[in-house]
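Fit chain B to the known structure of chain A by using the hints.
There are 2 protein chains.
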Amino acid sequence: MTEVVTEKKLSDSATVDAASIKPFPGSKKIFVQGSQADILVPMREISLADTAMELGAEKNPPVRVYDTSGPYTDENIVIDLRKGLAEMRRNWIDARLDTEYLNEKSSLFANQRARDEALDRLRFNHKRKIRRALAGKNVTQMHYAKQGIITPEMEYIAIRENMSLQQARAQGVLEQQHQGMDFGANIPDEITPEFVRSEVARGRAIIPANINHPELEPMIIGRNFLVKVNGNIGNSALGSSIEEEVEKLTWGTRWGADTIMDLSTGKNIHETREWIIRNSHVPIGTVPIYQALEKVNGVAEDLSWEIFRDTLIEQAEQGVDYFTIHAGVLLRYVPLTAKRVTGIVSRGGSIMAKWCLAHHKENFLYTHFEDICEIMKAYDVSFSLGDGLRPGSVADANDAAQFGELETLGELTKIAWKHDIQTMIEGPGHVPMHLIKENMDKQLRECGEAPFYTLGPLTTDIAPGYDHITSGIGAAMIAWYGCAMLCYVTPKEHLGLPNKDDVKVGIITYKIAAHAADLAKGHPGSQLRDNALSKARFEFRWEDQFNLGLDSDTARSFHDETLPKESAKVAHFCSMCGPKFCSMKITQEVREYAANLGADLSAELGEALGEESVVRMVDVEAEMATKAAEFRAQGTKLYSKV
Amino acid sequence: MTEVVTEKKLSDSATVDAASIKPFPGSKKIFVQGSQADILVPMREISLADTAMELGAEKNPPVRVYDTSGPYTDENIVIDLRKGLAEMRRNWIDARLDTEYLNEKSSLFANQRARDEALDRLRFNHKRKIRRALAGKNVTQMHYAKQGIITPEMEYIAIRENMSLQQARAQGVLEQQHQGMDFGANIPDEITPEFVRSEVARGRAIIPANINHPELEPMIIGRNFLVKVNGNIGNSALGSSIEEEVEKLTWGTRWGADTIMDLSTGKNIHETREWIIRNSHVPIGTVPIYQALEKVNGVAEDLSWEIFRDTLIEQAEQGVDYFTIHAGVLLRYVPLTAKRVTGIVSRGGSIMAKWCLAHHKENFLYTHFEDICEIMKAYDVSFSLGDGLRPGSVADANDAAQFGELETLGELTKIAWKHDIQTMIEGPGHVPMHLIKENMDKQLRECGEAPFYTLGPLTTDIAPGYDHITSGIGAAMIAWYGCAMLCYVTPKEHLGLPNKDDVKVGIITYKIAAHAADLAKGHPGSQLRDNALSKARFEFRWEDQFNLGLDSDTARSFHDETLPKESAKVAHFCSMCGPKFCSMKITQEVREYAANLGADLSAELGEALGEESVVRMVDVEAEMATKAAEFRAQGTKLYSKV
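Chains as they are written, first to last, in UniProt numbering: chain A, 1 to 642; chain B, 1 to 642.
Any given hint could be a false lead.
Identical copies look the same in the list; a pair holds intra-copy or inter-copy alike.
As the list claims (entries may be wrong) - Simulated pairs of lysine to aspartate or glutamate, DMTMM-like, Cα-Cα distance not exceeding 25 Å: (1) 339 - 589; (2) 267 - 243; (3) 28 - 38; (4) 339 - 399; (5) 437 - 175.
Just so you know, the hints here were simulated from the structure itself, not pulled from any lab data.
So here's chain A without its partners, still in its complex pose:
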């Protein structure tokens, strides 16, 4: 008797990861509406406790932070991965009247996959109609921007980017921030929809938003906006499954990824991608040459323009928002890598180098570049011009191969802009600190200020296992100098495929780098979160301190390792120093003491110190006198009961 085994369909079991949808403590999702009812921009609002009575009893306004976690943390939405997310942008795209729905997919490969019944159990089953530009129409955000049109996407983005500045102004604390140093960026006092439009029109920013990805929450990548972070997911021949990859998406965006790249090189790349895009509220990037290589069974010499072209269309019709294209790996640059310590470390770059040498021909991505543009503009896919010749070791940094390619990418940017294709430029790699600025300055010059999107850079090679840190240093610096988006690096870099924990650590590290850069650039309102957290710390509002942090779970659990009881959350000390030695506790005693001295202060100290010091003291004295009066009015009890 033969057994009939019914294979379980993936779509029967697709549940969203519980950890990814857990609400953030102390927070709620709010929406700010724009000029139309369907422009609703999500933000996270963190509520704070009042300052304790004995410390001044003030109300602490809630803090709004940029929110990349999407519908997954919206308590009003029930997530069903099998259905995908709501098509938020559908009406906006419809209203532009420049696209049509296709009755079938345009890609040969996509049609083959669709007919293969063996793949049924892996398939995302929800039927979706594919869009494409009407003949002769260009549907990129850059095209609209150049025509003076402010799209709903642009308005959405302006609200999103302007959030911190608005709160700071509303709270009257806009000036309570260090003036930054931004090396000639043009960060305005207010991010308006018109400013967004002008940045996109001139190519200094991009809005990755394929017309076939209506589910996404629009975001912008550009030097004059908040620094963004990309997280990578994707299986390989040696690991991972579709469920695991979707989980990494929801997990990565929970912690702050602004875009996600699906770098799968293993099985069922097409089906995996469909699940990811349909459930992604952030832009998705890919490297199409990987799938093209799979189609020729890993034999790089068998790649061709035709196969690649079909792959571009297949992926564009699924909704990929940006493509990494290694069109700058020119035949003449390949020998320049011969003396390198680590040769060509980019997967795409090494694949194209192999093809070039095998065929004795120029890179087909370069020779067919304008053909690629024709495809991109029909769907609004953005370019991420790949740095196939980036340095993979400190020794190779800033060499002729790397810079030669960068010059070619500059040349290609001009061509892309001729077609109104939104374009960003990928960057290194491994670069010691003192050579980082040269990279940024050269890229600005060569590429007409198109956004720069770097992988780190790693500032030393000697710490495998810690490359999120070696690269976090370089990433913070290059973002300060002008880099628009940072591609994260996890602790597993150079060693293996990252798991969920690695993804989180990588994202948090890169959010740190991005925010440190926003502060250094003086991005208006960026210091508000730091100030709120430090104030909470100083006032021993432990829960507020945790909740305002990038990772409240970890902060809370670290604290609880040595002081787990709830009573410790109002304690005016922690286990680092204990109650006698806590400097913050003592500082508050100092202030109380100084306030109580009041008007006597200057007289007594005048004798001790001499006239000059007294002058400085008097300025503060008035404030202290007021505080002293307040304290006396409330009683002088200093601490809450533990």
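The following block gives chain B in isolation, referenced to the frame of chain A:
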């Protein structure tokens, strides 16, 4: 019937932590001898496998790295914590004929503790005689240096610091390093004992080496030497024991701590410290005001110069190598902290501020500064002039309180140098990236280039749980700008007392920051380790890659998570991309291919590309022709069997 309970003595159970003494894989400890038989400088030598036949079959010379792990990783030494380490420097100190042995301790408190039988079970029992300078003698390294004397300590240090440069020269690779950018430092081509002497004489470097700490392996802190890292240990009222603290010492130095500060604020500070120093091969720093505060039961107002003086002597006679002294917290600066977001975050700073206000008097550490100098010079204890008013939040960075104190520290440095006391200056704190350089430049100006020793700085406040990273960014930058030593920060910063894992992660993060700075400064030979590791990576010598890293255990285990078999250690791929997509594997194929083209290359490509490109190709062609010949001679098989 009464039970007689014999309390177990700590000294009966004191075993060294096994994990700390495990040999480093692929490594052995070597010693380089100086001009006398007892100048034996330890280094770690990492052996590397030969490059595989098919990749060129070359021998890879062993790599020597600076070794802070001390006798703990010397297979020829049996560690007995109860006996302490060998007194390596004893003869050197004897030979100077300027010290005498005391018959009893000079400190009242120390004598009290010694007589207290209840402490017997905690005491380090090994009898040791205390040294002090003969009357009228000054025994500091700076004093000797100013007299033109090169001490054995200076020679030892020169050998230690010169190691990388020597190997690079020996291997003929000294020029294979990016020229650095060092902002006006004076890093010489060769570190000679005379150079060490001159840096110490002018105060630009210090050699912390108390005459009562003969067990230490001398090291130097200065801008023109390798950037150093300090790790903190120490109990608090809420945690840890003597065994745990000694374990943190051996563990922290295993991973790279150049000095250790014992910041205990809990029980039995005196006894804990004795165990630590007797077993420490690295300089030990303390903050004497902590213990002084314990002696007055945590009531800062009850502190006095007399109690503090006795504490200094007590600790100097135990062998503490440097004291953090908050002599710059002047009464007139305290009100300047009134409007800060986080007030005074330094424990010592807040204690002194409280004392000043309570007594309406100037800080006694300031008023008695020259008395402190008299004590320091009798034992060669170095100053670490404390930054009691450092900023504890981004908002407070670079404010008047912080810079006022820095100016006073500059004034005090001059006084210290009058007494030939070796002096370094402590620094911040929390500083956004764009304000970091100002700190470094001001410190160089105000303090006559005395070494700077910062805590980070943290570049943003928003990531409790990850402050080793927020500060690792700032630390790397300020070290590049000229900071000489970095005080580490662990993931537990702001949240609680760090455990062993936190100590390791903090140390590794700061070794990364220090080395990234050495590279950026162009420290001669510093790139050798990066180059060796990257070469091993490129050639798939996995074990070599792990062993050359700062943490080979973690690198190896991360790799093994997805590819655990031994066969994977010769695999030409890892689980990140798998065999088809591995860029390094493909690059090697590219090189093989290019080499096999040989002389045909220029002819064929000339047609495809035109004359100009061919000119570039020809340069490389000769090399490729040679390689092609080599490959053919060896057979053209590319990969080892997996």
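Going through the hints against the structure:
1. 339 - 589: The answer is between: 14 Å across copies meets 25 Å, while 64 Å in one copy does not.
2. 267 - 243: within (13 Å within a copy, 52 Å between copies)
3. 28 - 38: Within. Shortest intra-copy distance 20 Å satisfies the 25 Å Cα cut-off; inter-copy 67 Å does not.
4. 339 - 399: within (11 Å within a copy, 50 Å between copies)
5. 437 - 175: between (29 Å within a copy, 23 Å between copies)
Going down the numbered hints, you'll see the structure goes against none, and every one checks out.
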